[in-house]
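A.B. asks: Residues per chain, in single letters:
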Amino acid sequence: MEKKSSGSGVRLERRNILKLMATLPAAALAPVTPFASSVAMAMPQEAGAQNDAAVYQPKVFHPHELRTIRILSDMILPADERSCSASEAGVPEFIDGWLHVKQGNLLDEIRGGLTWLDMASNRSFQFDFADCSIQRQKQILDRIAYPEKAAPEDASAVVFFNSLRDLVVSGFFTSRQGIRDLPYVGNQPQQQWTGCPPQVRAKLGLVDS
Amino acid sequence: MPDSMSTSSTYDVIIVGSGAGGGMAAYNLTKAGAKCLMLEAGGWYDAAKDSKWLEWQYNAPHRGGGDYTSPMNYFLAADGGWQVPGEPYLNARGTDWMWFRARMLGGRTNSWGRISLRNGPYDFKPYDRYGNGFNWPIGYEDLAPYYDRTEELIGVFGSKEGLENLPDGKFLPPPAPRCYELLLQQASRKLHIPCIPSRLAVLTRPLNGRPECHYVSQCGRACRMGSNFSSPVVLLLPARETGNLEIRTGAMAREILTGPDGRATGVSYIDKKTRKEVQVHGKVVVLAASSCETARLLLNSRSSRFPDGLANSSGMVGKYLMDTVMSTVSGFLPKLMDLPPHNCDGVGGMHLYMPWWGYQESVRRTLPFSRGYHIEISGSRQGMPMPGVLSGTQKLVGGGYGESLKENCRKLYGSFVTLSGRGEMIPNENSYCEVDNNVVDQWGIPVLKFHFQWGEQELRMARHMQETFQEIIHTAGGEVVQSYGAEQRWGISEGGQGIHEVGGVRMGDNPKDSVLNAHCQAWDCKNLFVADGAPFVGLANKNPTLTILAMAWRTSDYIADQVKKGNV
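Sequence lines, in order, name chains R and L. Mapping of the first sequence onto the working numbering: residues 1 to 209, in sequence order. Mapping of the second sequence onto the working numbering: residues 1 to 568, in sequence order.
Note that these hints are calculated values from the structure, not bench results. Treat the hints with care, since some could be wrong.
In silico negatives: residues of chain L with every beta carbon more than 12 angstroms from chain R [stated by the list, open to error]:
1. Leu153
2. Gln382
3. Asp524
Derived lysine-lysine pairs resembling DSSO-like cross-links, with alpha carbons at most 27 angstroms apart [as the list claims (entries may be wrong)]:
4. L/Lys283 to L/Lys526
5. L/Lys52 to R/Lys59
6. R/Lys203 to L/Lys273
7. R/Lys138 to L/Lys335
8. L/Lys526 to L/Lys125
9. L/Lys335 to R/Lys203
10. R/Lys203 to L/Lys125
11. L/Lys160 to R/Lys102
12. R/Lys203 to L/Lys395
Beta carbons are placed, not taken as given, at the ideal position from N, Cα and C, and that holds for glycine.
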């Protein structure tokens, strides 16, 4: 996380909290009392690092498909100053595993969409999508990423991209990195519950009733 | 661990099922000194060891995903779901009944929503009040002392409100509201819809040796600390401590055995490990297998004396099956965008809800339906983000990808709310289950076939939900993201989807049109009782578990009393 400061005060405030969170070991977020140690005994051990992309064996995707999914994942949610890219957060592997167990026709929809992308790309640029320049890849995505502006003949590809976008967003914001990005600050046992914090109440214009 | 098998002895009571009703029966009858045998079709479950409490979704298979009841959901403390392998059920043409089963010690009490609402006086006498449906053979005053005792035992938070037909209980203090709940409360008050602290079986203070909640919003995973109500922690543990309870898991009840005098003598079950029949004998049999399983057991207990199944001389077993009317609207509240990070977890459910407000309108007949519903609310900042988080962004931000999408996701996080109705169904004769002898499960037991229809009344109620929820979202300054119109039948749920299926073995005043008397004792078989949701005569807009618990307590008191008097 870089300390570049730009944008609104709210974003700065968030970043400050993120910075604070980053400097704290996870346990420090829980209250340090006998309570915490009794809870700690009931807490599961966190598993170690995972998603080693180098050795990942896809369950549904062919290598070419997985390569395309990686490119798309990072085009949808690229790295920025706050967090890593979707592929660094294990999103392609998540999507592959999800489609492996998900019932219904989502796998067909995604796989069919990848085929459409290569078709569209070859028609326009004589290359598969994954082999095009980023500029050309964007040109193709721009056709299907904005549902209200898309051409009628691209309607089915728009549906595909809506689903893929949702999968990437789901995969990223349920990853360790995505949780910190939001940030989701829960899953920390509380000794007491105090409700909506005063600074949020103030922002929402809620007066105590 | 499950006790070893012994088939020679005769138990005082055999209880089929270990959920809310069976657990409560065991709790009371073992304390009264009865030697009890409990049969559970599923496996052993110990939340202190087996709960997935505090585990992160990113360490779980598929990020713990799948919807709430999907087999893909790693976290939900429910072995089973809408389908149980090897244990099918059938739907009649035109029926899409959904049947949720949790095959495990404690059943669905491990994962349930903990919403604990008392039925009110009107709910027991709906025919008197509305001129439709049926009266119960008991009234609120019969159950009130048992509601008191149940709440004091299990722990329910709430607030004294004195509202019409919503009796207050013995409450623990309610947790403070979440931010989005306060916004919805503000809107609902403008519309003169009450919005009050919810009533959940979650401890906000230590109670009976169980600690206060830790507010991580994971009740559905079962609580490792025992801070919410589940049958194994709150009922079966003390029942076992009496030394009077033996539990057999993997015991799939097949039929109730009867003697030449027509009395129940025991239960035949299939031991799932050996696939062999085992017969156990008892002086009293209590069925609490879940409403539909209990009906199935009775229908499958056929003999020359009872050709249509046990306790079925009225022909009413399986009839008047009910479920909660549900319809949902979700909305986007721009005010909730881009809020300072804050912990919104709380207990594993809503802290505020909207009870039914239209009783007087119903009397004046200014509503297009009789009966009522309550509104359950949820918000997208509550709980650990799970797969599906922030999905459908294209509806709000017009799609896109890249850095702007990422930034939009951060802003949108936590800005969605959902309002979901829980309405009262009028029991109808088109909704029932029967046994189909042509199809058996893998244990050789004939399966259920369901017939289910909502009436015109329920559809009108769903429409009213849609219109009201949209109004609340608009009043809160929001936009509707998902709603349902006439062509989608106002978003009405499928029968069974509410997981509030009750009825099928109803109680009554008259043996000709009911299976059980006012004490949930079979008219046709004096030593046979039912302690789950099957005896329900109606299904109020109150979630049924608290009433199942209170009724099971009342029924087991009656059993103990009748045994003492030598009447059964």
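A.B. asks: Could you check that no beta carbon of chain R comes within 12 angstroms of the beta carbon of L/Gln382?
C.D. replies: About 8 angstroms separates L/Gln382 from the closest Cβ of chain R, which leaves it inside 12 angstroms; violated.
A.B. asks: Do the alpha carbons of L/Lys335 and R/Lys203 lie within 27 angstroms of each other, as the hint requires?
C.D. replies: Given that 27 angstroms is the threshold and the Cα spacing comes to 9 angstroms, the pair holds.
A.B. asks: The output says L/Leu153 does not contact chain R. Does that hold with a beta carbon cutoff of 12 angstroms?
C.D. replies: Holds, since 23 angstroms exceeds 12 angstroms.
A.B. asks: Starting from R/Lys203, check that the Cα of L/Lys395 is at most 27 angstroms away, please.
C.D. replies: holds, 26 angstroms
A.B. asks: Does R/Lys203 pair with L/Lys273 here, judged by a C-alpha cut-off of 27 angstroms?
C.D. replies: violated, 59 angstroms
A.B. asks: Going straight from one Cα to the other, do L/Lys526 and L/Lys125 come out at no more than 27 angstroms?
C.D. replies: holds, 26 angstroms
A.B. asks: Measure nothing beyond the straight line between the CA atoms of L/Lys52 and R/Lys59; if it is 27 angstroms or shorter, mark the hint as holding.
C.D. replies: holds, 26 angstroms
A.B. asks: Tell me if the straight-line CA distance from L/Lys283 to L/Lys526 falls inside 27 angstroms.
C.D. replies: OK: L/Lys283 and L/Lys526 at ~11 angstroms, within 27 angstroms.
A.B. asks: Please verify whether L/Lys160 and R/Lys102 have alpha carbons no more than 27 angstroms apart.
C.D. replies: Not satisfied, since the Cα-Cα distance of roughly 45 angstroms exceeds 27 angstroms.
A.B. asks: Was L/Asp524 rightly flagged as not at the interface, with every chain R Cβ beyond 12 angstroms?
C.D. replies: holds, 44 angstroms
A.B. asks: Take a quick look at whether R/Lys203 and L/Lys125 sit within 27 angstroms of each other, Cα to Cα.
C.D. replies: Given that 27 angstroms is the threshold and the Cα spacing comes to 47 angstroms, the pair is violated.
A.B. asks: If you draw a straight line from the CA of R/Lys138 to the CA of L/Lys335, is it 27 angstroms or shorter?
C.D. replies: With Cα atoms ~33 angstroms apart, R/Lys138 and L/Lys335 exceed 27 angstroms; violated.
Hint check: violations occur at hints 2, 6, 7, 10, 11; the rest are consistent with the structure.
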